[in-house]
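With chain A's structure known, arrange chain B on it following the hints.
The lines below spell out each chain.
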Amino acid sequence: MDTQWETFEVFHQSKRGDPHEHVGSVHAPDPQMALQLARDQFARRLKCVSLWVVRSRDITATDYQDGSFFAQVTDKSYRDPKSFDAPDKLEHP
Amino acid sequence: MSVPNPPKCSPASLQMFLLALADDELVLGHRDSEWTGHAPILEEDIAFSNIAQDEIGHSLVWYSLHQDLTDATPDTMVFTRSWTKFVCSRFVEYPKGDFAYTVVRQFLFDCAELIRLKDLTRSSYTPLAQTAERIIKEEHYHRLHSQGLVERLGDATEESARRMQAAVDQAFPQSLGLFELLDCENELKTAGVFSGHTVLRSMWLDEVVPVLRGVSLKIPVVQDGAEYQLKCEPEDGGRKKLHTPHLQQLVHDLQSVHKLAPEARW
Chain A
1 MDTQWETFEV
11 FHQSKRGDPH
21 EHVGSVHAPD
31 PQMALQLARD
41 QFARRLKCVS
51 LWVVRSRDIT
61 ATDYQDGSFF
71 AQVTDKSYRD
81 PKSFDAPDKL
91 EHP
Chain B
1 MSVPNPPKCS
11 PASLQMFLLA
21 LADDELVLGH
31 RDSEWTGHAP
41 ILEEDIAFSN
51 IAQDEIGHSL
61 VWYSLHQDLT
71 DATPDTMVFT
81 RSWTKFVCSR
91 FVEYPKGDFA
101 YTVVRQFLFD
111 CAELIRLKDL
121 TRSSYTPLAQ
131 TAERIIKEEH
141 YHRLHSQGLV
151 ERLGDATEES
161 ARRMQAAVDQ
171 AFPQSLGLFE
181 LLDCENELKT
191 AGVFSGHTVL
201 RSMWLDEVVP
211 VLRGVSLKIP
221 VVQDGAEYQL
231 KCEPEDGGRK
241 KLHTPHLQQL
251 VHDLQSVHKL
261 APEARW
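Chains as they are written, first to last, in my numbering: chain A, 1 to 93; chain B, 1 to 266.
Rather than coming from a laboratory, the hints here were simulated on the basis of the structure. A couple of the hints might just be wrong.
Claimed, not checked - Restricting the straight-line Cα-Cα distance to at most 20 angstroms, the calculated cross-link-like pairs of lysine to aspartate or glutamate (EDC-like) are:
1. B:218 / B:233
2. A:47 / B:233
3. A:47 / B:54
So here's chain A without its partners, still in its complex pose (with noise of 0.2 angstroms):
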């Protein structure tokens, strides 16, 4: 029998309106252990006031081998925003 915990995904807000960004993961029992263990590894530095967590099973994700679905098989470059500047920041609402 496995008696390893699950782990959880962190993702740690720094100010209000910020992205959530993925920090690591936490092994934990449930989501509110995992919530009280993330804060000890991820916020008790980094400035925080928000965390998330979220079941690594939960999430569903490409497969590295499996290349062709990022592949760009014809020039596609008319797409790029070229012939006009983007502003670098946008403003949060």
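Frame of chain A, contents of chain B only:
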């Protein structure tokens, strides 16, 4: 605050009260730090190392209030005092033991500390009230952590139930020593420094008993009307400096670096 300050209470009694608070936090913090590198799971290793630093941080705050009354610095109290002069409860002296014992001890301690801090926010001694207000926020999360583990381990599997019950059997009578009456108990109560250990213990039982019984752990108390009656002997003695040899070893370890190089600064 409309309360008198300083209260009608001798400095010696206040010193004793502050020292008991500080020594409990220091010694338990040291025990928690012994899990660094040894906890059964990495996340708990980090959590207990974090809690250890918090508890030792709380002790520094209490030693500083003690210093205001005595001029003895926190470093003097921690690094040069003989273990026979400590007034921590015997409960916090015992070795860290099984992880289940650590979890149960931490839970019983966190609940007691939270209740004590809530009470102290209304203390007639203003520095105590202000400090309690500050520390209480952090202690709330300690309790969430330790209670979370108790609730998940108490009756999860045959093994966890057995180890948690053994821990409760050992820790519960010891933990009652946190409420050992002080020689200056009545003076502190009358002066409004705190509500007294009998009141605190009764509030503490109201909180810990339902949590432990909620996960089928047996505790030696019976309900008598609205009150709980104890069915075991509290392990007192610590406040009277009657310690276990475990404290001698702990203080020896704690002071060993200082003894090697008393003048060292870091």
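Taking the hints in turn, this is what the structure says about them:
no.: 1; hint: B:218 / B:233; verdict: 16 angstroms, holds
no.: 2; hint: A:47 / B:233; verdict: 46 angstroms, violated
no.: 3; hint: A:47 / B:54; verdict: 18 angstroms, holds
Checked against the numbered hints above, the structure breaks only hint 2 and satisfies the rest.
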